[in-house]
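Engineer: Read off the chains here:
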Amino acid sequence: MKIETIWKYLVASILCILGIIVIISTMPTYSTSFSSKISEYCLDNLSLTGAINVVCAILLDFRAYDTLGEVLIIFVTISGVTLLAGRKR
Amino acid sequence: MTSRIVKTATRALFPFILLFGVYVILYGHLSPGGGFQGGVILAIAVLLTVVTFGKSRLQPFVPHLLSVEIVGVTLFVLVGLSGIVSGKQFLTNLGTIPLLNIIIGIKVFAGVVLMYIFLVGWESKND
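Going down the list, the sequences are from chains A and B. Okay, so the first sequence: first residue is 17 according to the numbering used here, each after it adds one. Okay, so the second sequence: first residue is -11 according to the numbering used here, each after it adds one.
Calculated directly from the structure, the hints in this document are not laboratory data. Any given hint could be a false lead.
Only some residues are given here: those of chain A computed to face chain B with a beta carbon under 8 Å [unchecked claim]: (1) Ile74; (2) Leu75; (3) Gly85; (4) Leu88.
Just so you know, even glycine gets a beta-carbon here, dropped at the ideal spot from N, CA and C.
Using the sequences and the hints given, assemble the complete structure.
Structural biologist: See below:
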C-alpha cells in the first residue's frame, strides 16, 4: 500500500473519530442543557398555534422566519443548479 | 436498462407513495410530518419513475416545475404578508399552518425533482 493512501485513510479515520466525538458530546443526554426557557415556552403555548404537532408548530409559527430562510435556500439552490447545469445544448 | 422486476414494482408502488406523500403534507399539523417531508416523499415517487423509465416523459414538464418553484416562494411570502395586512407582524400565524404546509410541500417537490433532473443531465453530458 502506498504511503499516500495510508495517509488518506489515517486522516479520514481521525476526522471520523472527531465527528463522532462532537456528535456524542452534544447529545441531549450527555451535554449540559441549553436554556430551557424557550423550549418550555414553545411547549406551554402550543395551543396558541392551533397545531398539535410540535415540530410543525415551531417550524411554521414560532420559527417561521427560519422556514422562510429554508424555502429561500431551496430556491437559490434551484436557481444555481439551473444556471449551471440546465443550459440548452 | 432496468429489469422487469423493477418496472413492475415501480408501477405498483407509485400511487401509494404519492398517496402517502399527500397524506404527510395534509396532516402535517396533526401527525408527524409536514411540508418538507411530504414534498420529498412526493418527489421520490416521481424520481422512482425517472430512474426506472427514463426522464424523457418528464422533460416537457421541467419549465412548469420551475414556475411552480417560483410561485411557491412568492405564495409563501404573500401568506407572510397577510399577517401585515391584518394588522399584525410578518408571518403571523392566522391559522395558516396547513396552507403553509401545502405550499412548502409543492415547492419542495418541484425543487427536489428539478435538482435531480438537472444534476443527472449534467453528469451524463460529461460521460
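Engineer: Name the hints, by number, that the structure is in violation of.
Structural biologist: Violated hints (numbers, rising): 1, 3; every other hint is consistent with the structure.
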